[in-house]
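Participant: Sequence:
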Amino acid sequence: MYFTDRGIEELEDRRGEEEVSLAWLADRLRAFVDAHPEHAGAADRFATFLARDDADDE
0 MYFTDRGIEE
10 LEDRRGEEEV
20 SLAWLADRLR
30 AFVDAHPEHA
40 GAADRFATFL
50 ARDDADDE
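Under numbering that gives the first Met the number 0, the first residue of the sequence shown carries the number 0, and numbering increases by one thereafter.
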């Protein structure tokens, strides 16, 4: 397990049963970048990863 997996595990444990919209996720990513601007690049890459369907790569 990577160190970063701990946060993923916590997310799944705390909120795994919830349903959220992509608009909610985008809002949370914006709030994260506002609080941690040094991670804006990673958040942007993550958002792009989520936005693109695997079929887009073919």
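It is worth saying that the hints were derived from the structure and are not from the lab. Here the structure is a predicted model, which means the values were calculated and not measured. Think of the CB as a built atom: it goes at the ideal place given N, C-alpha and C, for glycine as much as any other residue. Do not rely on the hints blindly, as some may be mistaken.
Simulated DEER-style distance windows between Cβ atoms [unchecked claim]:
hint, residue 1, residue 2, range
1, Glu37, Glu16, 30 to 40 Å
2, Gly40, Glu16, 26 to 36 Å
3, Arg44, Leu10, 13 to 23 Å
4, Thr47, Ser20, 15 to 25 Å
5, Glu16, Pro36, 27 to 37 Å
6, Thr47, Ile7, 16 to 26 Å
Participant: Hint by hint, say whether it matches the structure.
Facilitator: A quick look at each hint next to the structure:
1. Range check, Glu37 to Glu16: about 32 Å between beta-carbon atoms, so the 30 to 40 Å window is met.
2. In this structure the hint that Gly40 and Glu16 lie 26 to 36 Å apart at CB holds, the actual value being about 31 Å.
3. For Arg44 and Leu10, the hinted distance range of 13 to 23 Å is satisfied, since their beta carbons lie about 18 Å from each other.
4. In this structure the supplied range 15 to 25 Å holds for Thr47 paired with Ser20, their Cβ-Cβ distance being about 18 Å.
5. At roughly 32 Å, the beta-carbon separation of Glu16 and Pro36 lies within the given 27 to 37 Å, and the hint holds.
6. Distance hint for Thr47 and Ile7: a CB-CB separation of about 18 Å, consistent with the stated range 16 to 26 Å.
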